[in-house]
Amino acid sequence: IYSNKKELHQFRQLVVNVVMATDICDKELGSLRKARWAAAFSEDDNNKDSKHNSSSSNSPSISINSRNKTHEGEEDMNRKATIVLEHLIQASDVAHTMQHWHVYRTWNERLFQEMYEAYRAGRADTDPSLNWYDSEIGFFDFYIIPLAKKLDSCGVFGLSSHEYLNYATSNREEWVRRGKGIISEYLSSFQRQQRRNSNSSMRCLSVSSQHSPRKDPDKDDHCFA
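Residue numbers (this note's numbering): 127 to 351.
Mixed in with the good hints, there may be bad ones.
Computed list of lysine to aspartate or glutamate pairs in EDC-like fashion (alpha-carbon distance at most 20 Å, straight line) [stated by the list, open to error]:
{"no.": "1", "residue 1": "K160", "residue 2": "E201"}
{"no.": "2", "residue 1": "K275", "residue 2": "E235"}
{"no.": "3", "residue 1": "K275", "residue 2": "E201"}
{"no.": "4", "residue 1": "K275", "residue 2": "E240"}
{"no.": "5", "residue 1": "K306", "residue 2": "D253"}
{"no.": "6", "residue 1": "K160", "residue 2": "D149"}
{"no.": "7", "residue 1": "K206", "residue 2": "D253"}
{"no.": "8", "residue 1": "K206", "residue 2": "D260"}
{"no.": "9", "residue 1": "K276", "residue 2": "D202"}
{"no.": "10", "residue 1": "K276", "residue 2": "E289"}
{"no.": "11", "residue 1": "K132", "residue 2": "E201"}
{"no.": "12", "residue 1": "K160", "residue 2": "E300"}
{"no.": "13", "residue 1": "K276", "residue 2": "E235"}
{"no.": "14", "residue 1": "K160", "residue 2": "E133"}
{"no.": "15", "residue 1": "K276", "residue 2": "E133"}
{"no.": "16", "residue 1": "K153", "residue 2": "D202"}
{"no.": "17", "residue 1": "K306", "residue 2": "E240"}
{"no.": "18", "residue 1": "K132", "residue 2": "E235"}
{"no.": "19", "residue 1": "K306", "residue 2": "E200"}
{"no.": "20", "residue 1": "K160", "residue 2": "D219"}
{"no.": "21", "residue 1": "K275", "residue 2": "D253"}
{"no.": "22", "residue 1": "K131", "residue 2": "E200"}
{"no.": "23", "residue 1": "K132", "residue 2": "D202"}
{"no.": "24", "residue 1": "K131", "residue 2": "E201"}
{"no.": "25", "residue 1": "K160", "residue 2": "D278"}
{"no.": "26", "residue 1": "K153", "residue 2": "D219"}
{"no.": "27", "residue 1": "K153", "residue 2": "D267"}
{"no.": "28", "residue 1": "K306", "residue 2": "D278"}
FRET-style restraints, in silico, Cβ to Cβ [said to hold, decoys possible]:
{"no.": "29", "residue 1": "N325", "residue 2": "H135", "range": "54 to 60 Å"}
{"no.": "30", "residue 1": "E201", "residue 2": "T232", "range": "40 to 46 Å"}
{"no.": "31", "residue 1": "D251", "residue 2": "H135", "range": "27 to 33 Å"}
{"no.": "32", "residue 1": "R138", "residue 2": "V229", "range": "54 to 60 Å"}
{"no.": "33", "residue 1": "L313", "residue 2": "L158", "range": "17 to 23 Å"}
Think of the hints as simulated: they come from the structure by calculation, not from any bench.
Backbone N, C-alpha and C fix where the C-beta goes; we use that ideal spot for every residue, glycine too.
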């Protein structure tokens, strides 16, 4: 992974950046990440424009020290690799949203059930069923689809890059059509599971009471000094 202290420091910083990238609620970190993406990939457009202008111009070209040029190339590559890795870990964190509808729905329901259970148990203040429909649409519009577009534009997944964007937009459209009804199904499923858990608990208590040891009436519990 590394062969000297400099590479160790770079690797550690990369791991820190990637882990922190999963904190999507921190607006300051999000703004910094967007700025790094813009800085890394806007350079491509600037380089294309500069090459086009230099080739079409009759003015003599300016020689650049090859060593500095190589160093700048490595810095540019490292900067792009770091920001792409940050976005990859973000995508893996919400990968279900960029896969087939049935995959998305399965994991969406599991998250809902977990949060609804927390609400019912008093560990959360807000009933997630009240805003789940609208929040999912906003999540697609302001996070998932922009993220998928970035991964598509940088081509990190090759020919498959556009596939994830297509799944994200398709799932968003399907949720708009069916989301409200699906939330009702989530609630019904939760209630059924609660009843099954309650019945299972009652059966366990019944079996336990039947097999518990009975007290011998001929013996008493007095302690003798």
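Cross-check of the supplied hints:
no. : hint                    : verdict
1   : K160 / E201             : 18 Å, holds
2   : K275 / E235             : 25 Å, violated
3   : K275 / E201             : 24 Å, violated
4   : K275 / E240             : 29 Å, violated
5   : K306 / D253             : 15 Å, holds
6   : K160 / D149             : 14 Å, holds
7   : K206 / D253             : 41 Å, violated
8   : K206 / D260             : 34 Å, violated
9   : K276 / D202             : 18 Å, holds
10  : K276 / E289             : 13 Å, holds
11  : K132 / E201             : 14 Å, holds
12  : K160 / E300             : 28 Å, violated
13  : K276 / E235             : 27 Å, violated
14  : K160 / E133             : 25 Å, violated
15  : K276 / E133             : 28 Å, violated
16  : K153 / D202             : 25 Å, violated
17  : K306 / E240             : 18 Å, holds
18  : K132 / E235             : 45 Å, violated
19  : K306 / E200             : 50 Å, violated
20  : K160 / D219             : 18 Å, holds
21  : K275 / D253             : 32 Å, violated
22  : K131 / E200             : 18 Å, holds
23  : K132 / D202             : 17 Å, holds
24  : K131 / E201             : 18 Å, holds
25  : K160 / D278             : 16 Å, holds
26  : K153 / D219             : 18 Å, holds
27  : K153 / D267             : 16 Å, holds
28  : K306 / D278             : 30 Å, violated
29  : N325 / H135: 54 to 60 Å : 58 Å, holds
30  : E201 / T232: 40 to 46 Å : 42 Å, holds
31  : D251 / H135: 27 to 33 Å : 42 Å, violated
32  : R138 / V229: 54 to 60 Å : 34 Å, violated
33  : L313 / L158: 17 to 23 Å : 39 Å, violated
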